[in-house]
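Listed below, chain by chain, are the residues.
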Amino acid sequence: MVTDKKIKPIEVLEGVVIRFVGDSGDGMQLTGTQFSDTSAMFGNDISTFPNYPAEIRAPKGSLYGVSGFQVHIGSLEVSTPGDDLDLLVAMNPAGLKTNLYALKPGHTVIVDTDSFTKKNLEKAQYDANPLEDGSLDNFRVIEVSMTSLTKEALKDVDGLDNKSITRSKNMFALGMVYWMYHREKDHTIEFFNKKFKTKPHLIEANTKVLNAGYFFAETLELIPNSYTISPAKMDAGTYRIIGGNTATAWGLLAAAEKSGLELYLGSYPITPATDILHELVKHKHFGVKAFQAEDEIAAICSSIGASFAGDLAVTTTSGPGLALKGEALGLAMIIELPLVVVNVQRGGPSTGLPTKTEQSDLMQAMYGRNGESPVVVIAASTPANCFNYAFEAAKLAVEHMTPVVLLTDGYIANGSAPWKILSVKDMPEIKNNKVTKFSEDWHPYTRHEETLARDWAIPGTPGFEHRVGGLEKDAISGNVSYVPENHEAMTMVRAEKIKKVQNYIPELKTEFAEEGDLLVVGWGGTYGSLHSAVKQFNEEGYKNVGLAHFNYINPLPKNTEEVLRKFKKIIVCELNNGQFVNILKMNFDGLDVYQHNKIQGLPFANGELIEQFKQLVK
Amino acid sequence: METTAEKKYTFKDFQSDQEVRWCPGCDDYVILRSMQKALPEMGVKKEDVVFISGIGCSSRFPYYMNTYGMHSIHGRAPGIASGVKLANPDLSVWVVTGDGDSMAIGGNHFIHVLRRNIDLNIVMFNNEIYGLTKGQFSPTSLIGQKTKSSPYGNTQPPFTPGELALGAKARFFARIGGNVPKDITKILIEAHKFKGTSLLEVLQNCVIFNDGCYTNFTDKAVKEDKQIYLEHGKPMIFGKNRDKGLVLNGLKLEVVTIGENGITEEDLLVHNAKEKDPTMQQMLVRLDYPVATGIIRSFDDVTLEERENALTEQVKANSKFTKADDLFFAGETYEVK
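Which chain is which? The protein sequence lines are A and B, in order. In this text, residue positions in the first sequence follow our numbering: the first is 50, and each later residue adds one. In this text, residue positions in the second sequence follow our numbering: the first is 1119, and each later residue adds one.
Simulated from the structure, these hints should not be mistaken for lab results. Treat the hints with care, since some could be wrong.
As the list claims (entries may be wrong) - Mimicking DSBU-like on lysine-lysine, the simulated pairs with C-alpha atoms at most 35 Å apart in a straight line are: (1) LYS647(A) - LYS469(A); (2) LYS333(A) - LYS1434(B); (3) LYS558(A) - LYS548(A); (4) LYS558(A) - LYS1434(B); (5) LYS1352(B) - LYS282(A); (6) LYS1264(B) - LYS1313(B).
Only a predicted model underlies this, so the values are computations on that prediction, with no experimental measurement involved.
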């Protein structure tokens, strides 16, 4: 029990990091999502990070079955889910054991004491009960017998079995946290009303438990501090909370509508990319054709077929799936058809760490095919801008008649953030290379001068009947050609076509400094972590430390070299063993390049980045 | 899009300008010409025809057809063809494949495309050998067959393509020799008419690496005695003298002679290609003597596109979303001022 009974005045904080942890069946993802959505409605900026086990229902109480959801809410711009926790809510000993390391000393942990049974302590590999042995002395521990209180709150509700009763204790925890951070419960109650529309007893039960937690925190004076986080300063507009995978799916919907093409998705389920398939299959009303194939190869092949027939074709996958798609991607490259390949990167190699994040598929995206096989590679960097880069991937594919690999990762794909909604009418135009009127001098491989893209002559169009294929093609007719000089010329022109994309993408811009002592370089999903670390580093008094974050990788922005050379030292930070750093070294000689790599399936922490920067700047 | 051609084509309209490069004497020439002759009879416009192939001798086929075409990668033609058809159901989509392409490297796609029943047509050239890689055993090579990769004889038991196809729920299966162009043309037209995935297995002789593998029942001299050409609704009768037939004996098909043991034509089984239950068709597919040819199964079923279209219409009718913005701005949004 907490001894501090004095209620302190409400503190207004800039930001707070909260993590909810429990068994994978405890509903922690739901609890976290509700809290972050409510906070966003309140006007906070948010960033979330779900962390769940690969097992769907891992053995109860086990260390590896712990599921967590972290949310960072703030009144200022929030760009990462945060590192160190201000509040940990642990529904069982295993959750406490695996997450306590992240809690700031002196900060609060809420535990459900009912779950601290001998059996659960053993499963969590505790020799002694941490609530009793003094090991939590450095923290404020709020012990709540949440399971019993939940049962008590529900004793008068009919139609509930024991399981539904214990499963709603997550709402007790949520109620407590709502009160602590002065959040309204309305949004969540509204959510119950929708979700349990046909099960009124569940609406009643969940609402009761949520209220019970809320009032428990309020009236029993058990909370040591009370915080409020004031709204963040954000651009005016209409917002919603969006997850990265949904944003990717919606970006593709927008691109289809803008281009006037029908959207075709060929996909095969794979963690953590499957949610894009789940999202797109819902949208038959927009004419989306989503095809779940028998495997990764059939998935991309069906998309190639759809592209040949004139659709905006997409395939979505994660690392192992991209490996399987390699040969077909080479086919799409040589027959020069538009194709978007979304790779939501996860921990590798092989099956690796399916539910964790990593950036280790960059080289695979660049080079993971036989022969000289260049494709456009771009990367999204936040949950919300998955929308923009999915749109951009489609635009580049269609306008340049090339496969485009869009790299996201488990971190931004599963994370969510406020998104200032973009209307399709405000998105850039997408022109396509379709042809309609045949003239005798038309050839399948004649190219547009500026882009080097060929025409998109689709079946059903009279006069343009032609054959494409994986064999090397004659530079004009597209017929099979084994002529040595032709093969070399075609190899060059395919490379040049990708290079020319440089003329259609934005230049690289740095943040915080345009020249100076140190340039921090990153790409893709680490933007939030790098941005907040460089920001903090500059605020700590180090000057002239810039951030260059890449969204365009192949080709690189035109001015890349110029930007890099304005800094004395460069540190490339990646969640892999050093891939982008080698692309830079390969392209630009004589840079003083350092690297920071993390391969733990986890995002960067602020502290570790700043440590690295300090070693390079005196 | 109109489905019938206004212009009357001849086989020449479907010949591309590419020189055909199969070995002299290969049955592939016969199949190519049969296809070029069948297409004008189908009433489809040239620009609406798409040939998709994988890798292998047979897969050079699209290059020789003056239609839209793609020579893709090994075993994957069914996936590509499915995408073409789902993207534009008005097209007449053909897959050209071989025994290695479809049943070895592409085995997974082969069974799934048959299961789904998309309206496309597969023509499989079965020569019981790998030709393009110069003579290794294939999934249909016989046990004991000596090839470059089985110098002491093949030890892997073969698939019977029809058996595999029916097991994978094929709705249309036909088999024909590679030396009977008129029959091939006739079946290709039927395959085109059939709504759903059709599979035609052509028993194609490879003159270089497996010459004569089918001669014992395809040679003109023995053909009629060794094959039974099945036609829906007609008695299962064969033989030069039309005096042999099939009856059911217990759970097995048995060859009988009309006029012997009191057997008359009325006693013979009547072929029912349209029967949903494939049991009898499976028995026919498995026969070694006589070898069953013709359209063995042609069961009308709902196609995948029909199911998909019906769902799409239903979802469209019930949805409040017509534009992406409707979705983006729906539900839980909030204003920042």
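Practice problem: Take the C-alpha atoms of LYS333(A) and LYS1434(B), compute the straight-line distance between them, and say whether it is at most 35 Å. | Solution: Within the cut-off at roughly 7 Å; holds.
Quiz item: Holds or violated: LYS558(A) with LYS548(A), Cα cutoff 35 Å?
Solution: holds (19 Å)
Quiz item: Within a Cα-Cα threshold of 35 Å, do LYS1264(B) and LYS1313(B) meet the stated pairing?
Solution: Not OK: LYS1264(B) and LYS1313(B) at ~40 Å, beyond 35 Å, violated.
Quiz item: Taking only the CA atoms, is the gap from LYS558(A) to LYS1434(B) under or equal to 35 Å?
Solution: violated (43 Å)
Quiz prompt | Agreement of LYS647(A) and LYS469(A) with the hint, judged by alpha carbon distance not exceeding 35 Å | solution = This hinted pair holds, its Cα atoms lying about 31 Å apart.
Quiz prompt | Pair hint outcome, LYS1352(B) versus LYS282(A) [Cα-Cα no greater than 35 Å] | solution = Measuring from Cα to Cα gives roughly 82 Å; hence the hint is violated.
Going down the numbered hints, you'll see the structure goes against 4, 5 and 6, while the others check out.
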